[in-house]
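*Asks:* Start from the sequences and build out the full structure, keeping to the hints where you can.
There are 2 protein chains.
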Amino acid sequence: MTESTGAEGVGGESSALDDPDYRQAVVDLLAAIAYGEISAFERLAEDAKLAPSLEDKLAIAAMAGNELGHVGLLRDRMTELGADPYAAMAPFQQAVDLFHEHTAPSDWYEGLVKAYVGDGLAADFYREIAAYLDPRTREVVLASLSDAGHSEFVVDRVKAAIAEDHRLGGRLALWGRRLMGEALTQAQRVAADRDALSALLAGGVDRPALDLAAIGRMFARITELHAERMARLGLDS
Amino acid sequence: MTESTGAEGVGGESSALDDPDYRQAVVDLLAAIAYGEISAFERLAEDAKLAPSLEDKLAIAAMAGNELGHVGLLRDRMTELGADPYAAMAPFQQAVDLFHEHTAPSDWYEGLVKAYVGDGLAADFYREIAAYLDPRTREVVLASLSDAGHSEFVVDRVKAAIAEDHRLGGRLALWGRRLMGEALTQAQRVAADRDALSALLAGGVDRPALDLAAIGRMFARITELHAERMARLGLDS
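If you're matching them up, the sequences are chains A and C in order. In terms of our numbering, the first sequence is residues 798 to 1034. In terms of our numbering, the second sequence is residues 798 to 1034.
If you are wondering where the hints come from, they were derived from the structure by calculation, not from laboratory data. The C-beta atom is built at its ideal place from N, Cα and C for all residues, glycine as well. Everything hinted at is true.
In silico DSS-like cross-links for lysine-lysine, where the CA-CA straight-line distance does not exceed 27 Å: (1) A:K854 - C:K846; (2) C:K854 - A:K846; (3) A:K956 - A:K846; (4) A:K854 - A:K956; (5) C:K854 - A:K854; (6) A:K846 - C:K846; (7) C:K846 - C:K956; (8) C:K854 - C:K956.
Here chain C is said to cover these stretches of chain A; the calculated rule only asks that three of the stretch's residues, wherever they fall, bring their Cβ under 8 Å from a Cβ of chain C: (9) 842-848; (10) 851-857.
One side only, chain A facing chain C, incomplete, derived with CB under 10 Å: (11) A831; (12) Y832; (13) F838; (14) N863; (15) L865; (16) G866; (17) Y883; (18) M886; (19) Q890.
*Replies:* Pasting the structure below:
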């Protein structure tokens, strides 16, 4: 327990970081986000091959580059916390890779929806978790989630394609549900495997706990944001 | 001929830009560089899959991201010059794609050498051409060639691998020669197809011409820089 060291540690760091369990949970979280972004970079770069035009290719490649640009920040924070960032990422590779394996887009539009919906879901989830973090780590996490407006072109492209072919809308709506389901499956797998991460949500002396009711409200919010995102694409959720 | 409008046009633009042939040549050049960088992004992202570790993957992905980061600058300059950047890139796709098709790396080390040597060759060539451009375009071209030190990790990796396995050095030396040969083949194809680009090298009223002797010296310099680059990797050229 770190209560006696006061609310703030050296350099404005929360004393929470003196707690080795909290520290491990933070490294886990940063590592999960970082590996997710490296992986997103790879998948988006792969999707870029399916682009119907050079302009579209460049737009999706820019999304890929944006994901990658965040990794340095997360890596530096892990190093600051005394962790080897690459070793820290290893436990998350399987869940992230399985998510992508189970949601390989079969065409350009599935790739676009996945980029938009998948990235949005991850960002919503990590933003929720950020509320339970020390201020400095929270700042790093929030900065790593900005998409710099890159994904807005997805909305244009998907809406235009659905307007031309209504059956596409039905297929992509199902696809969005599948993405959500697979994301939940893999998130649950990670939560079950990583005790420190789960403990993070259980709170500490100077951090609020996330009780079952709070977890329920969190998932309600994430589901609602997902539905809004699907609606922006012109899709039922 | 634009001599009568004075040495400098509006906003510090060289009057050379009033010459439609020069303008076309500049758009061609920017388009060739831009498509080359989009293509380099794609190939490096592909090579990232072969990375033996997450750290290496991130390093090569960062090289990919760096290539992509330059495209915006080139695209904006093409737009400024009144061109459609995507249409302008189209004539260069075949030569660049053929270069990559004929030099698909068979393993991680071939990919690393290609990233380092190919990017270096292209940069040397465009830097030579930049001397014949109006100041503003020259600035854009030079900025688009910076590799921000990203490729330095290639030197470490390749040297370490050769130290462990000397036969690899022989194979990669041959590979470097093949890259050079294929780059020359495709550069020649582009020069033959694009009259405006060739005319650029022939000079204009207010721009120096590149005569046969100058072209010879240019290739001598490029070959020498290639040899230095190979030597830095520990490879014969």
